[in-house]
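Q: Sequence:
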Amino acid sequence: MLTPKERLKTVLSGKKADRTPCICPGGMMNMITEELMKTVQIYLPQAHTDARMMAGLAKAVYEQGCFENYGVPFCMTIEAEEMGAGVDMGSSAYEPHVTEYVIGTVSDWEKLPKLDVTKGRAKVVLDALGILKEEGDAVPIVGNLTGPVSTASSVMEPVVFYKELRKKNADAHAFMQFVTDQLIRFGQAQIEAGADVIAISDPSATGEILGPKYFREFTVRYVNQIVDAMKEAGAQTIVHICGHMNPVYKEVDKIHSDALSFDSVVPMKEAREELKDRTLMGNVSTYTLEFGDPDKVETLAKNCVKNGSDIIAPACGLGMHSPLVNIRAILQAVREEENHA
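Residue 30 in the UniProt record's numbering sits at position 30 of the sequence shown, and the numbers go up by one each step.
Heads up, a few of these hints could be off.
Once the Cα atoms are required to be at most 35 Å apart in a straight line, the calculated DSBU-like pairs of lysine-lysine come out as [stated by the list, open to error]:
#1 K9 with K38
#2 K296 with K15
#3 K254 with K16
#4 K231 with K302
#5 K5 with K302
#6 K306 with K123
With beta-carbon atoms standing in for the labels, derived distance ranges [said to hold, decoys possible]:
#7 E100 with N307: 39 to 47 Å
#8 G14 with P267: 16 to 24 Å
#9 K167 with E336: 50 to 58 Å
Calculated directly from the structure, the hints in this document are not laboratory data.
Idealized CB from N, CA, C, for every residue including glycine.
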């Protein structure tokens, strides 16, 4: 019997484990639900700004039998906030979101402050990782970064940002390089604080929005800089891209991460055929997790494994009303593999 940390490490290294790991990384793929908060009496939005509460909620995910990892933070706004964006901290029912942009054009990127990991919510995340690290070595700790395109389009108006990738190409690259450098610094600090794995979620960097050329030029290029830096710092990596993959499978395969994670619109069978040698993660429908029943969830999870998923995880962030009985059904499905082995 492997520990959850050994199991995940084995699979991320491209080897076979005793069974499929079942995780929910955090970040965009947030796993905090209202029922979980009530069960352990720790609530959002307070836990976004309190390291002990953040660690407590991350621990509860594992202790309540939902997933086999700890993962922080529980949102995608920290990087943008530290670079000057206005953020609404959300409530117990919805996640934090950006309310105010910092710059109006990619050409103004030099006006952005650098991300300082010694203060603000960046420091809360690092402190929470430190607390989780003290729990011992059996459970993998996943740190999270908002991907470079999603961060860039959170500090300025996304529609303008996408247009300027073409119109102001040189400035767009300078802006993306600045953002990427900040993300690398935050990721390295997370690894130093105790993260074993760094998950990078870039929902705004889809092939559908960017098309193959710009996906290669702006997503693959800058995501790879982050992935390579995280590997150098000693962590394994997961990259999650939203949307359909048909236009960009060839490009996605050039991402250097240990695992690739996709949305539920991507059929796992298709992804497996297109990316034969890659470690794939996902992609149990979060809609079913919120509105379905445990049997349906279990069937979906088993189908994901059958169709080629190496790590079972929700396809996206969990809806806040998702019942714990449904979430636990995913882990139940992969544990049955163990019993049959």
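Q: With reference to the structure, classify each hint as holding or not holding.
A: Cross-check of the supplied hints:
| no. | hint | result |
| --- | --- | --- |
| 1 | K9 with K38 | holds, 32 Å |
| 2 | K296 with K15 | holds, 29 Å |
| 3 | K254 with K16 | holds, 23 Å |
| 4 | K231 with K302 | holds, 31 Å |
| 5 | K5 with K302 | holds, 21 Å |
| 6 | K306 with K123 | violated, 41 Å |
| 7 | E100 with N307: 39 to 47 Å | holds, 42 Å |
| 8 | G14 with P267: 16 to 24 Å | holds, 22 Å |
| 9 | K167 with E336: 50 to 58 Å | holds, 54 Å |
Against the hints set out earlier in the document, a violation occurs for number 6 only.
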